[in-house]
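> Each chain, written out:
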Amino acid sequence: MKENVFKRVFTALLVVFICLMFLTGMNLGHEDKSDSPLTEFYLENYEETGAINLVEAILFDFRGYDTFGELLVLYIAIAGIIILGKEIIKPKDEGGEGS
Amino acid sequence: MTPFILMYGIYLMLFGPVSPGGGFQGGVVLASGVILVLVTHGRTKVKKLTNHVESFDTIGTSLILLFGILGILIGGSFFVNLTPYRMTSLVFLDIVVGIKVFAGVVVLSVFFFEQGVDPC
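These protein sequences, in sequence, are chains A and B. With my numbering as the guide, the letters of the first sequence map in order to residues 1 to 99. With my numbering as the guide, the letters of the second sequence map in order to residues 100 to 219.
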């Protein structure tokens, strides 16, 4: 009996958590940020980067370090998946039942 | 069909600073071309290409790291990955990012494709 009580509580919590995440996501983007100093900074001297496409200018130039972090995360994620995946697959090659 | 997809991907990647697109999007579009071949013609057709694609991923990331450090040496300020002509550093970064994303997505899709017909 104790087993599925825990399960039920856990799923309830999970559902609540997901709803909260969804709600926060919904009303995150509605503040009017058009007059923040940062945007002005970007708009004023993005010609300096020589890029016409402002998004690219920010992504690679003003925010180059963040993108670098992003790339690292991407790389580690893929490496992790492949390495762990190969571990899981191995039993199948030896005739075991692959998960 | 695939060469058109690949061409479009390359266009996206190279014309990042000018038109909408750029490193990440270009890489993914390129990968979609390869995946198309992977799904239709099965694994053997893509075998030759993909077994050394994994190294692209690593090379790409390390290249960007080097580029960043190089930027520090030349640019002086922190992680300013600028070569003399600021535009080229942007395009170079675009290409490297594109190749890296392309390699990553292809490796991933090939890996999951190899799980057999019913990826249990």
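Don't take every hint at face value.
[What the hints assert, rightly or not] Chain A is nowhere near these chain B residues, computed Cβ spacing over 10 Å in every case: (1) M100; (2) S118; (3) I163; (4) L192; (5) G203; (6) V206.
[Said to hold, decoys possible] The list that follows gives simulated cross-link-like pairs (lysine to any residue, SDA-like), each with its CA atoms no further than 25 Å apart: (7) A:K86 - B:V117; (8) A:K86 - B:H140; (9) A:K86 - B:P102; (10) A:K86 - B:F114; (11) A:K7 - A:C19; (12) A:K86 - B:I109; (13) A:K86 - B:V136; (14) A:K86 - A:I76; (15) A:K86 - B:S118; (16) A:K86 - A:L72; (17) A:K86 - B:L105; (18) A:K86 - B:M100; (19) A:K86 - B:S208; (20) A:K7 - A:M21; (21) A:K86 - B:S154; (22) A:K86 - B:I104; (23) A:K7 - A:N27; (24) A:K7 - A:M26; (25) A:K86 - B:L165; (26) A:K86 - B:V138.
[Stated by the list, open to error] Sample of chain A residues lacking proximity to chain B, with all beta carbon distances greater than 10 Å (derived): (27) E3; (28) V55; (29) L59; (30) L72; (31) I81.
Calculated directly from the structure, the hints in this document are not laboratory data. The beta carbon of each residue, even a glycine, is placed where N, CA and C say it ideally should be.
> Hint by hint, say whether it matches the structure.
Comparing the hints with the structure gives:
{"no.": "1", "hint": "M100", "in the structure": "holds (26 Å)"}
{"no.": "2", "hint": "S118", "in the structure": "violated (7 Å)"}
{"no.": "3", "hint": "I163", "in the structure": "violated (6 Å)"}
{"no.": "4", "hint": "L192", "in the structure": "violated (5 Å)"}
{"no.": "5", "hint": "G203", "in the structure": "violated (4 Å)"}
{"no.": "6", "hint": "V206", "in the structure": "violated (6 Å)"}
{"no.": "7", "hint": "A:K86 - B:V117", "in the structure": "violated (41 Å)"}
{"no.": "8", "hint": "A:K86 - B:H140", "in the structure": "holds (24 Å)"}
{"no.": "9", "hint": "A:K86 - B:P102", "in the structure": "violated (31 Å)"}
{"no.": "10", "hint": "A:K86 - B:F114", "in the structure": "violated (37 Å)"}
{"no.": "11", "hint": "A:K7 - A:C19", "in the structure": "holds (18 Å)"}
{"no.": "12", "hint": "A:K86 - B:I109", "in the structure": "violated (31 Å)"}
{"no.": "13", "hint": "A:K86 - B:V136", "in the structure": "holds (23 Å)"}
{"no.": "14", "hint": "A:K86 - A:I76", "in the structure": "holds (15 Å)"}
{"no.": "15", "hint": "A:K86 - B:S118", "in the structure": "violated (40 Å)"}
{"no.": "16", "hint": "A:K86 - A:L72", "in the structure": "holds (21 Å)"}
{"no.": "17", "hint": "A:K86 - B:L105", "in the structure": "violated (29 Å)"}
{"no.": "18", "hint": "A:K86 - B:M100", "in the structure": "violated (32 Å)"}
{"no.": "19", "hint": "A:K86 - B:S208", "in the structure": "holds (14 Å)"}
{"no.": "20", "hint": "A:K7 - A:M21", "in the structure": "holds (21 Å)"}
{"no.": "21", "hint": "A:K86 - B:S154", "in the structure": "holds (17 Å)"}
{"no.": "22", "hint": "A:K86 - B:I104", "in the structure": "violated (30 Å)"}
{"no.": "23", "hint": "A:K7 - A:N27", "in the structure": "violated (31 Å)"}
{"no.": "24", "hint": "A:K7 - A:M26", "in the structure": "violated (29 Å)"}
{"no.": "25", "hint": "A:K86 - B:L165", "in the structure": "violated (29 Å)"}
{"no.": "26", "hint": "A:K86 - B:V138", "in the structure": "holds (21 Å)"}
{"no.": "27", "hint": "E3", "in the structure": "holds (25 Å)"}
{"no.": "28", "hint": "V55", "in the structure": "violated (7 Å)"}
{"no.": "29", "hint": "L59", "in the structure": "violated (7 Å)"}
{"no.": "30", "hint": "L72", "in the structure": "violated (7 Å)"}
{"no.": "31", "hint": "I81", "in the structure": "violated (7 Å)"}
Consistency note: the structure conflicts with the earlier hints numbered 2, 3, 4, 5, 6, 7, 9, 10, 12, 15, 17, 18, 22, 23, 24, 25, 28, 29, 30 and 31.
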